Amino acid sequence: MSAGIVAGFLLRGRQRVIFILEKTTGFSIYILLFFLGISVGANDKVISNFASIGFNAVVIALCSVAGSILLSSILYKTLFNGKKN
Amino acid sequence: MKGSIIIVLFFVTGMALGVNRFLPPFLTGTDPGLYALYFLMFLVGTGIGADRNVWRILADLNVKILLVPVVIILGTLGGSALSSVILPQTATADCLAVGSGFGYYSLSSIIISQIRNETLGVTALLSNISREIFTLITAPILVKFFGKLAPVASGGATSMDTTLPVISRYSGREYAVLAVFSGIVLTVLVPFIITAIYKIASLFS
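As you go down the protein sequences, you meet chains A and B in turn. Note that this note's numbering numbers the first sequence so that position 65 is 65, with each residue one more than the last. Note that this note's numbering numbers the second sequence so that position 55 is 140, with each residue one more than the last.
Just so you know, the hints here were simulated from the structure itself, not pulled from any lab data. Quantities reported herein were computed from a predicted structural model and do not represent experimental measurements. Among the hints, erroneous ones may be present.
To be verified - With a straight-line Cα cutoff of 20 Å, these simulated SDA-like cross-link-like pairs (lysine to any residue) come out:
{"hint": "1", "chain 1": "A", "residue 1": "Lys23", "chain 2": "B", "residue 2": "Phe127"}
{"hint": "2", "chain 1": "A", "residue 1": "Lys77", "chain 2": "B", "residue 2": "Lys284"}
{"hint": "3", "chain 1": "B", "residue 1": "Lys149", "chain 2": "B", "residue 2": "Gln199"}
{"hint": "4", "chain 1": "B", "residue 1": "Lys149", "chain 2": "B", "residue 2": "Leu274"}
{"hint": "5", "chain 1": "A", "residue 1": "Lys77", "chain 2": "B", "residue 2": "Tyr255"}
{"hint": "6", "chain 1": "A", "residue 1": "Lys23", "chain 2": "A", "residue 2": "Ala7"}
{"hint": "7", "chain 1": "B", "residue 1": "Lys149", "chain 2": "B", "residue 2": "Leu159"}
{"hint": "8", "chain 1": "B", "residue 1": "Lys284", "chain 2": "B", "residue 2": "Lys149"}
{"hint": "9", "chain 1": "B", "residue 1": "Lys229", "chain 2": "A", "residue 2": "Phe80"}
{"hint": "10", "chain 1": "A", "residue 1": "Lys23", "chain 2": "B", "residue 2": "Lys284"}
Unchecked claim - Which stretches of chain B does chain A cover? Using the computed rule of at least three CB atoms under 8 Å from a CB of chain A, they are:
{"hint": "11", "stretch": "125-135"}
{"hint": "12", "stretch": "244-258"}
{"hint": "13", "stretch": "278-286"}
Heads up, the beta-carbon is just placed ideally off N, CA and C, and yes, glycines get one too.
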């Protein structure tokens with residue numbers, strides 16, 4: 001990824017190259033998730049536990065979000081002069 | 086939103102094919118996936134490096150802004166550590182890794198299924214999609230009760246793209262730059278934090 005950032009920095013301004021790169025990134029994410037879908041579908045453990053996986057996922061998401069919101073509101077009130085703006 | 090739907094469709098189509106075993110065996114191995122992941126990491130990096138906004142924002146950075154992603158990371162890790170108490174059958178490191186997707190579900194689920202297993206990869210996918218959807222839906226409420234930084238925190242890595250419109254609408258345009266900055270930092274850090282969590286966890290086991 002660091003190599004990519006350097007390459008991107010050198011390529012900045014070349015809109016056409018960047019456009020193609022962005023399309024490729026989007027496309028490779030689709031392909032990878034497609035592959036992940038395939039191996040997940042072929043994995044009986046995942047399919048039979050789908051409900052509990054979903055439950056775990058939502059619990060982790062809500063806890064992470066709650067934690068980060070809590071700290072951010074403290075930061076907002078102390079350093080960002082909350083309320084006023 | 087359209088992008089998210091397309092991504093989920095690709096995943097679901099792959100899943101349907103996998104369930105029906107409608108595939109040549111070489112496609113179900115994980116090795117091609119690993120190299121594709123390295124390639125993807127390179128592309129994501131290139132996209133960030135080529136973004137003019139990134140370098141402009143970095144140029145007029147101040148300490149206050151820098152604290153935003155730091156606080157989001159700490160809060161997320163704290164929250165997901167707490168979730169491992171609620172979910173005793175899931176290892177703490179696994180909860181932390183899933184949480185450290187910061188909403189970047191495409192990359193985090195792929196990395197986690199490579200490092201650990203597909204079950205956890207799917208957990209990461211669903212969990213981080215939930216984070217994005219939660220932010221999109223609750224942004225106005227979050228601003229009201231927890232201040233203008235709250236939707237940026239809730240959005241995590243997505244605050245630079247998918248959740249940016251709701252952030253700039255409910256927190257105000259002056260928070261959009263901050264949201265992009267925080268989102269970029271978190272996006273760059275996702276792979277490093279997830280790998281670090283497992284490196285550290287392996288020291289204790």
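Identify every previously stated hint that the structure contradicts and give their numbers, smallest first. 2, 3, 8, 10, 12, 13
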